[in-house]
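Asker: Here is what each chain is made of, one letter per residue.
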Amino acid sequence: MTRKRTLTILTHAVLILLVAVLAFPVFYAIVTSTLSFREAYQYPPRLVPGTQFLENVREAWVRASFGRLFFNSVFISLVVSVVKIILSLLAAFAYTHFRFRGRGLLFGMSMITQMLPLPVRILPTYELMADFRWINTYWALTVPFFASTTGILLFRQFFLTVPRELSDAARVDGATPMRYFWQILVPISRTNIAALFVIEFVFMWSQYLWPLIVTTTKEMRVVQIGLKMLIASEQIAPEWNVIMAGTVIAMLPPLVVLLALRKSFAQGIAMQSEK
Amino acid sequence: MQRPSRAFALALVSLGLGFSLALAQKVEITWWHAMSGSRLKVVEAIVDEFNATHPNIQLNALYTGKYAETLTKYVAAFRTGNAPNLVQVYEVGTQTMLDSGAIIPVYEIPGMLGETWDWAQYVIPITNYYSTNGKLWSMPFNSSTAMLYYNKDLFKKAGLDPEKPPTTWKEVEEYGKKLVESGVVDHALSFGWPGWIFEQMFAYHNQLFADHENGRNGRAEKVLFNGPFGQMVLETWARLAKEKVFLYGGPEYSANTAFVSGQIAMLIQSTSSLAGIEKGASFEVGTTFLPRFEGYPRGNSVIGGGSLWVTKGQSKEELAAVWAFLKFLAKKEIAVKWHKGTGYFPTINAAVQELLNEGWFSKDQNYLTAFLQILSGRRDTPAATGVRLGPFVQIREIERAAIEKAVSGVLSPKAALDEAAQKANQLLKQYNELH
Amino acid sequence: MQDERFPGHPLLPYLLILPSVAVIVVFLIVPFAQSVWGSFFVTSPFGTKTIYVGLRNYLELFQSSDYLKSVIVTVYFSAFVVVIGLGASLAIALLLNQKIQGVGFYQIALIWTYALSPAVAGTIWALLFAPATGLVPYLVGRIIPGYTLNWMTNGSLALLVVSAAATWKMLGYNIVFFLAGLQNIPEELLDAARVDGAGPWLTFRHITFPLLSPTTTFLLFMNMLYAFFQVFGLIDIMTQGGPGDATNLLVYNLYRDAFIHLQSGRADAQSVIIFVIIAVAATFQLRAATKKAAYAR
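Chains as they are written, first to last, in the numbering used here: chain A, 1 to 275; chain B, 276 to 710; chain C, 711 to 1007.
Mixed in with the good hints there might be a few duds.
[As the list claims (entries may be wrong)] The list that follows gives simulated cross-link-like pairs (lysine-lysine, DSS-like), each with its CA atoms no further than 27 Å apart: (1) K410/B <-> K452/B; (2) K218/A <-> K301/B; (3) K218/A <-> K341/B; (4) K301/B <-> K554/B; (5) K218/A <-> K445/B.
[As the list claims (entries may be wrong)] Pairwise CB distance ranges, derived in the manner of DEER restraints: (6) N707/B <-> R852/C: 30 to 36 Å; (7) W139/A <-> F994/C: 47 to 53 Å; (8) G409/B <-> Y857/C: 32 to 38 Å; (9) A23/A <-> P330/B: 55 to 61 Å; (10) R852/C <-> R38/A: 35 to 41 Å; (11) W394/B <-> L867/C: 47 to 53 Å; (12) L769/C <-> G684/B: 31 to 37 Å; (13) A23/A <-> G684/B: 37 to 43 Å; (14) G356/B <-> I739/C: 39 to 45 Å.
Calculated directly from the structure, the hints in this document are not laboratory data.
Here a beta-carbon is modelled for each residue, glycine too, at the ideal position from N, C-alpha and C.
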């Protein structure tokens, strides 16, 4: 009994240590975001928060138009997540509820998305944006992301477990396929939808390379690029206090999404790995 | 079905736009630049003033990212036929622009518009850099060079005279050792932009960096930096690194941190860092000319920064508007404003005179240092004017890699330079094949 | 397999997949084909001249010591992210998968790094390791007097730091999936093993680990994709590939050739090379996944 108890205490100790170690870099970032420029360059480095947080945020806001960048990032992350979810639901519905010519081939094509990440087609895609006159538009920041292998796979797997009786009953009741889809299939998929939303939101929020090349004006940049602009903007010693204020802002939205949807997220992932 | 209606709407909109423009009789021109941060504010102020004083012109200045991004975007825009009227390009992009077939050389513009222009009003070492056969191809805009910054407080602490900075590399070594041995700092010296500083050493001692007269008399086919002079420079730096005098400081501005925080006592860096360094330093900042190697001829330090290029194929009205802006930049007050706001050189002789008259330089001598440096150097040889290379961006990276290898002791200076020269020559060959 | 559940709607399924397929064709497949095509040419920056060069772009890449170095750096970096990252997350997930108090808190306190972007992770680690002024160099200087830790001048240190930063950021993601995988292992199997007298190590080796292998394979692939592509922002913020190309991952090298050096043919060839690597890895993952599925059935 005592041995088990010691083991439990030990487990707790290790876990707490892990939590602390994992969180330390972010803790330090937050502390730095509250310091003045001189305090941030204090030697030895300081671990006690200061009082300059709001000033630093304001500075980041002005210097890199962070407000606008923040809006852009939220906007494109929401749009892409929602559209991706809808398109994946529709496609998964087609692949699981219908037989049609070329289904295997088309499904295989959807799966290939994963093998064609941006870097393997970067120049032609960029030139396509230039031809479409999409440089510095929300079109370029959203439309090329609309196809999702993860989404189609996730929903396909889930739809396959939906008992046939459900669709049969709906059909007998005279429901059209689309009515069945919107009124039955989509509502029972909400856990998966929430999980996918977390995944896609975080994915989109983190985009860096594509926004870097298809946007150039400060009105169209995103938060991630804003960080880089904060670091490089003055060409002198980096103003870590301001940079970290920007970093703290850039961390928040995906964290909020993850925390708010963590239950569904965990369940959705668990369902996904069940097979 | 959507297409025709959308096209129709577009046509309507553009018709409307065209109408209102025609009514206002405004010529709209666009300028893409790479000035961010505090410089952006100065650019915006100048553009606003231009628009206010030129009611028939609407100049739209757009920050389009860093130099490399701006050039990439310009290339893409030119290929799809919607390039801006004016673009700012960094000095390493000069040969690419000359070969682009996309631009009108600025020296031709007054003639095209039936005007004359006094080119002698510009500061010669600056215009020289952007000239080919004595003719100016792009308008100098933001020009800087490199100089030596030093920490006067640390000099005092180490028992050195803060008013007597080193003038030669020998003295740099001597003072550096003293600074390190006295325990004031762990390392004495660092640089920003190592490849550029390496190039500076060639021009500063009137040594050719590449063949065809530094690429100024035909396209360069071979680099010469692995010759005896280059080896001597790099051997000196490697020795300083070994003696802990020199601390390699990364590619661009990262060494500034170490200098501002007092970790090193000397820094070779672009003059454009001056305002930032003075703002961040809690000690007295001194500046002086680049150190020399004794026994080599005198040349000049090279201009860095960017210049403005005019896109070809624009209407006469647009060209006139662009030219009006370039003339506006040459106004004394504007050039003074630009210098005070950014620390870049004023490019007009009259502006220099004005700054001297109003005592600007005596307020802060540091702003004068680099100016005296370029004005006191020679300006009549290709070697002192600076090298021009097609794939300059890559070659500068190659130089940097060689310097890193030599100062960290991975390769001997000679081996590092030979390897770099071979890569650079290969790139030159490929470039020349396409042009 | 899947049955026709709504007969009599021959067009509907095509309409349903049309948006996805259109996006894939226009923005993925066609541009990729253009990458392949473009890799056989060299073009001047302004497109004034294009020359067909056959396989020369590829040959030059394979003969370039810089490109080979980039391959080695990428292999090291990915191996670090995969091996250290997956190992650590599996260990943490095992610890978390116990019946202890406050497990909910621990779970969330250990997976949140998932929500950080690579650029944010890079910025924070750049602060921690800032040469001369950062916290870590300060601590190292205290422990080993006279030693200056400067990753901007020390290539192998820089590679280590970016690898560690990237791994740290990915821990949350890995833990989530490992936990899900662990929770799907039937309790009875583990109990049976315990009854048979198997210790924790044997249980792990013979039951937990094999049953986790679909999750592990999946994570292997995802971590590889992450290490190949998504870390671009982290590298761009922390090192821009330096010092001396020490952290010049393949994706960074590609970006530089495409958008800074303006060498489109060479960049396209690199795109194709990266595709081949990913395709091979994906095939392995797919084969492992289907083998496992068949076995489970």
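Asker: Could you run down the list of hints and mark each one as holding or not?
Answerer: Results of checking the hints against the structure:
Proposed proximity of K410/B and K452/B is contradicted: the alpha carbons are some 46 Å apart, above 27 Å. Restraint check for K218/A and K301/B: satisfied, since their Cα atoms lie roughly 26 Å apart, inside the 27 Å limit. Between K218/A and K341/B the CA atoms are separated by roughly 12 Å; this keeps the pair inside 27 Å, and the hint holds. Only pairs whose Cα atoms come within 27 Å are accepted, and K301/B paired with K554/B is rejected, the gap being roughly 41 Å.
About 47 Å separates the Cα atoms of K218/A and K445/B, which puts this hinted pair outside 27 Å; it is violated. Evaluation of the 30 to 36 Å hint for N707/B and R852/C yields a failure: the beta carbon distance comes to about 54 Å. A hinted range of 47 to 53 Å is violated for the C-beta pair W139/A and F994/C, which are about 36 Å apart. Range check, G409/B to Y857/C: Cβ separation about 54 Å, and the 32 to 38 Å hint is violated.
Distance hint check for A23/A and P330/B: the Cβ-Cβ separation is about 59 Å, which falls inside the suggested range of 55 to 61 Å. A beta carbon spacing of about 22 Å between R852/C and R38/A contradicts the range 35 to 41 Å that was offered as a hint. Take W394/B and L867/C: their Cβ atoms lie about 51 Å apart, and the range 47 to 53 Å holds. A hinted range of 31 to 37 Å for the beta carbons of L769/C and G684/B is consistent with their spacing of about 32 Å.
Separated by about 39 Å at the C-beta atoms, A23/A and G684/B satisfy the suggested range of 37 to 43 Å. At roughly 27 Å, the beta carbons of G356/B and I739/C sit outside the given window of 39 to 45 Å.
In summary, the structure is inconsistent with hints 1, 4, 5, 6, 7, 8, 10 and 14 from the numbered list given earlier, while agreeing with the others.
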